[in-house]
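Novice: What follows is the residue order along each chain.
Protein chains: 2
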Amino acid sequence: MIDPLSILQDIVKEGDTKIVLLILDGLGGLPLKGKTALEVAHTPNLDRLASLNSVGLIDPVLPGITPGSGPAHLSLFGYDPIKYQIGRGILEALGVGMEVEKGDLTARGNFCVTKDNVVIDRRAGRISTDINKKLVLKLNEEIKEIDGIRIAFTSGKEHRFVIRFRGEGLSEQVTDTDPHIINRGILKSTSTIDDESAQKTANIINRLTEEASRVLKGLDEPPNGILLRGISGYPEIPQFPLIYRLKALSIATYPMYRGLTQLLGMDVVTDVHSNEEEIGIYEQSYNDYDYFYIHIKKVDSYGEDGNFDSKVKEIEEVDRLVPRIMKLSPDVFAVTGDHSTPATYKAHSWHPVPLLIRSNWTRISGVSGFSESECAKGDIGRIPALYLTSLLLAHSERLDKFGA
Amino acid sequence: MIDPLSILQDIVKEGDTKIVLLILDGLGGLPLKGKTALEVAHTPNLDRLASLNSVGLIDPVLPGITPGSGPAHLSLFGYDPIKYQIGRGILEALGVGMEVEKGDLTARGNFCVTKDNVVIDRRAGRISTDINKKLVLKLNEEIKEIDGIRIAFTSGKEHRFVIRFRGEGLSEQVTDTDPHIINRGILKSTSTIDDESAQKTANIINRLTEEASRVLKGLDEPPNGILLRGISGYPEIPQFPLIYRLKALSIATYPMYRGLTQLLGMDVVTDVHSNEEEIGIYEQSYNDYDYFYIHIKKVDSYGEDGNFDSKVKEIEEVDRLVPRIMKLSPDVFAVTGDHSTPATYKAHSWHPVPLLIRSNWTRISGVSGFSESECAKGDIGRIPALYLTSLLLAHSERLDKFGA
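Chains as they are written, first to last, in our numbering: chain P, 1 to 404; chain U, 1 to 404.
These are calculated hints, taken from the structure and not from any lab test. All the given hints hold, so there is nothing to weed out.
Note: identical chains are not told apart, hence a pair may lie in one copy or across any two.
Straight-line distance between alpha carbons at most 30 Å, and here's what the computed DSS-like set of lysine-lysine pairs gives:
(1) K115 - K134
(2) K297 - K346
(3) K377 - K33
(4) K346 - K401
(5) K157 - K13
(6) K115 - K200
(7) K247 - K401
(8) K13 - K346
(9) K313 - K33
(10) K134 - K157
(11) K217 - K200
(12) K346 - K313
(13) K346 - K377
Build out the structure end to end from the sequences listed, making use of the hints.
Specialist: Below is the structure:
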C-alpha cells in the first residue's frame, strides 16, 4: 500500500462541500443461521442509499489482520496504521478519559502480587473495579510528585490503571517494568538511548514503582506492586485539519474515540451521551464544519457481548437516524465500521467491513441493500480502509488532478 | 503491498488448530468453448464448500505478472516474492532433485557450442536428454574437485544441467559465464565485491569452465563448452515454522516443491508418488502437525501440455479426495493454485487464481460453485496471494489483535 498522504498533500484544495463519516463501530459480522446482524436488521434507509450509490468492502489494515480500535481508526482517517503506531499508554489514557497534552508521558499499569520479590500474579487475581478505585484514590493522595514531575493515576477495569507523568524533560525512550511473565522480579526501567531525559524518566519510574509498593503494602488488599508498560508520550502526528484542509468535528460518546481524534487535531464534542444526541450536535454544528466524524459505539459493544439481537436493534436504531443526516444534504455521506465484531465471534475480527458512499458522483451499485454479502458485489470492490479518506475528498471535489 | 511478516511477527500465537492448504498447481484457466477446465469439471465437493464458505481470487505477484513456481509459492506461504528472490541455480537444483545444504553454491548450466572461442549456439542444438546424461556422467567422472571444492553435475532436460559446489569459503557474489547472446566469448566469472571468498569462487568457476571444455572436446558430441548463470547459495530466508509458530508438513510428489518447502524449514515427505498417497500421508500425520501443504502437480502439467480434457479429469480426481481431507475436520481448509496454467495457453499465465477457504469463521459466499467466474463474485474479492497466510492464521485463531 502506498501512503496516500504522500500524494494528497500536493492536491488537496479548499472547498465549501461537506462530508459526513458515520462509523458503526464493529459493524461487520458473521452469519448466524445464514445471516449477519446487518443482514437481519431492517434498514430501509441504508438499503436505499446502498442500491443507488457506491458500496464495497474495506480492510482496516490487511486481509487477515484484526485491528485494535486505534489502528482501525487511524486507517479510516487516512493514516497508515503501520507507520503511525500510537503507544499503548496514550491509547489507554484516552480510553479512560484522562486529559493528556504535549509533553505528558503515559503508561498502562497493572496491579500485581509479588512474593519474595517475584511477581506471582500479574493481575492481582483480577481485583474488582471498586477495589481498584480505592487503591487509585490512595495512590493519588500519597504520590503526587517525584523529582518535580506530577503523577496522576486513573482507574481502568479490574486490575488495570493508567498513569500520567507531567512536567519538563520526560522521554518515552524507556523500558517497561512489567516482566510480561510470572516468576520474575519487577523490572527496573532503563533508558533505551543515551540521553539525560530518558535516564531521568527511568529513575522516576523506578522510584514511583517503589513508592507504589510501599503505599499498597499498607493497605488491606491483595495487590502489593504495580507493573508498567506501553510508556508513551503524546504522539507527533500530522494534523487532520491541516493535511486535508477540513474543519473537522468529532462526535463520539466514548473517551477513546474523542481522545484519538483530539490527537489528530479535530474539534471534539465532550458533552454527548446517545446516538440521538450525536445527531442533534451534527445538526446544530452543520454550518460550522466541513467534516463530521460520528461514532456509534454500541454496535461493537453488543458484538463483543455476543448479543446478536441487540446488535441488530442498534443497527436499526441508527438506520432510523439516517434521514436526519441526509436532510441537511451533505455532499458526501459515508457509512462503514472501523472493523468487524461478529456477535458469534464475540471479539474484533479480521473480516472486511461494509462501506457505503453517497455523493453526486457515485456510480450506481445496483445492489439490493447494505450488507456484507451485497457490499461484496459492490462497485467499489475490496479496498484498504486507508484509501477511504482520499475517496471522500474526491467525492467532495476537494482534490486536484494528480500530475498534468 | 506491505510485507505481512512485519506485522505477523508481533501477533502470531500458538494454538491447537489445524490448517490444510491444498494447492492444485496451475489451477486457473481460460475458457474453451465458453468454459474453463475448472468450470467443466464435475466437482460436487468443492462446489458445496465454495457456496457455504468464502471464495475469491488471488494474484500470485501483481496483476499481469506471470510467476514462476518459486515466486508463486513464496507468495502462497506469505513471503513477499519480490523481496525474497531465490536464485535460479538453487531453484533449478531443487527442481532436478539435487540435495543441497547451507554453504553449497549452485549454478544453472547450458551445454553450448563455440567456434574460434566464440559461442555460436547457447543450447548446443538442444541435444537430447540422453546425450546430456552421457555428458554429465563423463563430467562427474573427470571433474570431482577443484581447489578443495567438490563439484557435482546433475542433468536437466535437453541442454540444461545444474552444478553444485560444496566446500569451505564459497560466495555467490560472482558473475555469470553465460554471455546470454551468441557471437561473444564465454565470459570470465569475476567477483562483484572485494572479498577473498568471492575471488576464490570466481577462479574455481573459471577453472571448471576450462576443464569442462577440455572434457567435452574429447567426446563425440556437438557440445564443446558450458555456460553458467544464476550462481546462488542456499538462501537465508525466515523459517516458516518459526515465524508462524506452525509445525508444518510439506506433501508433494515433485522435487522442486519439496526443495522449496525444505528451504522454508517445513518437514518434507520424500516417499510419495500419487495424489492418493499424498492424502494417505496427510491422514497418517494428522496428529503430528498444525499445517499441511499438499501439492497436486498434474493440473499444471496438463495445462502446460495443452491437454484441456486431462486437466478436467485431474481436477475431478482431486475433488473425489476432498471428503477424505474434510473427514478429519481441519479447522481451516483452503484450496487454490500457485498460478494459472490455461490449457489453451499451454504455459503459466498471469490470470488470478480461484481461492476457497472453509473454516468456522467464514462468511457465506452464496456462489454456485468453485470456478474462476464464481470466485470473481466471491466475498473475499481479489487479493494478493501474499495475504493468504495471514488469512489462514486468522481463520485458525492464531493471531492476536494488531494494536490496542
